[in-house]
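Trainee: Starting from the known structure of chain P, fit chain H onto it as the hints suggest.
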Amino acid sequence: KAGVTQTPRYLIKTRGQQVTLSCSPISGHRSVSWYQQTPGQGLQFLFEYFSETQRNKGNFPGRFSGRQFSNSRSEMNVSTLELGDSALYLCASSLGVGDLSYEQYFGPGTRLTVT
Amino acid sequence: AQSVSQHNHHVILSEAASLELGCNYSYGGTVNLFWYVQYPGQHLQLLLKYFSGDPLVKGIKGFEAEFIKSKFSFNLRKPSVQWSDTAEYFCAVNALFGGGLVFGAGTILRVKS
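Chains as they are written, first to last, in my numbering: chain P, 1 to 115; chain H, 1001 to 1113.
Only chain P is shown next, with the shape it has when bound in the complex:
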């Protein structure tokens, strides 16, 4: 079974721009979660989507948003980029139901650099 895929793998943007990252979950998985990984803050939860609805949200400003499509693919968007948004953005998928909803499988990430 193919794993979680994320595109693009690397991205360079300028402050003030906006960016969209994409994630395709493992086939059959209905939940997608997004995380930000930085050297200073470590891995932090952004949000989770299940059946096209945001189910949970972490403590990030409104500039960070996401959505999920009917095929479970997900995108996250960051508007008005700041230097501090430079990070590895990880997507994780899970079945989304029952105990197994918490067993998440991670993609390789998108490395975003804001200059």
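Because the hints were derived from the structure by calculation, they are not lab data.
A portion of the hints provided could be inaccurate.
Claimed, not checked - Chain P is nowhere near these chain H residues, computed Cβ spacing over 12 Å in every case:
no.	residue
1	VAL1004
2	ASN1008
3	HIS1010
4	VAL1011
5	SER1018
6	GLU1020
7	GLY1022
8	LYS1049
9	PRO1055
10	LYS1058
11	GLU1064
12	GLN1082
13	TRP1083
14	SER1084
Said to hold, decoys possible - DEER-style ranges, computed between Cβ atoms:
no.	chain 1	residue 1	chain 2	residue 2	range
15	P	GLN17	H	GLY1062	24 to 34 Å
16	P	ARG15	H	GLU1015	25 to 35 Å
17	H	LYS1112	P	GLY62	16 to 26 Å
18	H	ALA1095	P	LEU88	18 to 28 Å
19	H	ILE1108	P	THR115	21 to 31 Å
20	P	SER86	H	TRP1083	29 to 39 Å
Think of the CB as a built atom: it goes at the ideal place given N, C-alpha and C, for glycine as much as any other residue.
Mentor: Positioned in the frame of chain P, the structure of chain H alone reads:
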């Protein structure tokens, strides 16, 4: 808010040495517990998980972890490490009622051959 503490940021061991990485979490309710591993140049992989039942859980590659509810701990162990175990290890917790995974800061393990 939930938090996860990993006691050591860097650990250096020789091959065949035993490994124990500490993990404590701060949540009093029912939780699911995980250890993830990130090998150099690779993405996060699930090493093992605890949902309920036997508090001693076995994962891949000879790793095991013990859930001690009274100590809010979920320590990772391996009796004999190999050079290929060199990686960063993350402990994570998820409360049953939802929310994403809360990760510890990670422990970088280097195994000397």
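Trainee: Now look at each hint and say whether the structure bears it out.
Mentor: Verification of the hints:
no.: 1; hint: VAL1004; in the structure: violated (10 Å)
no.: 2; hint: ASN1008; in the structure: holds (15 Å)
no.: 3; hint: HIS1010; in the structure: holds (14 Å)
no.: 4; hint: VAL1011; in the structure: holds (17 Å)
no.: 5; hint: SER1018; in the structure: holds (26 Å)
no.: 6; hint: GLU1020; in the structure: holds (21 Å)
no.: 7; hint: GLY1022; in the structure: holds (16 Å)
no.: 8; hint: LYS1049; in the structure: violated (6 Å)
no.: 9; hint: PRO1055; in the structure: holds (16 Å)
no.: 10; hint: LYS1058; in the structure: holds (15 Å)
no.: 11; hint: GLU1064; in the structure: holds (17 Å)
no.: 12; hint: GLN1082; in the structure: holds (23 Å)
no.: 13; hint: TRP1083; in the structure: holds (24 Å)
no.: 14; hint: SER1084; in the structure: holds (20 Å)
no.: 15; hint: P/GLN17 - H/GLY1062: 24 to 34 Å; in the structure: violated (46 Å)
no.: 16; hint: P/ARG15 - H/GLU1015: 25 to 35 Å; in the structure: violated (47 Å)
no.: 17; hint: H/LYS1112 - P/GLY62: 16 to 26 Å; in the structure: violated (47 Å)
no.: 18; hint: H/ALA1095 - P/LEU88: 18 to 28 Å; in the structure: holds (25 Å)
no.: 19; hint: H/ILE1108 - P/THR115: 21 to 31 Å; in the structure: holds (28 Å)
no.: 20; hint: P/SER86 - H/TRP1083: 29 to 39 Å; in the structure: holds (32 Å)
When held up to the earlier numbered hints, the structure conflicts with 1, 8, 15, 16 and 17 and fits the remainder.
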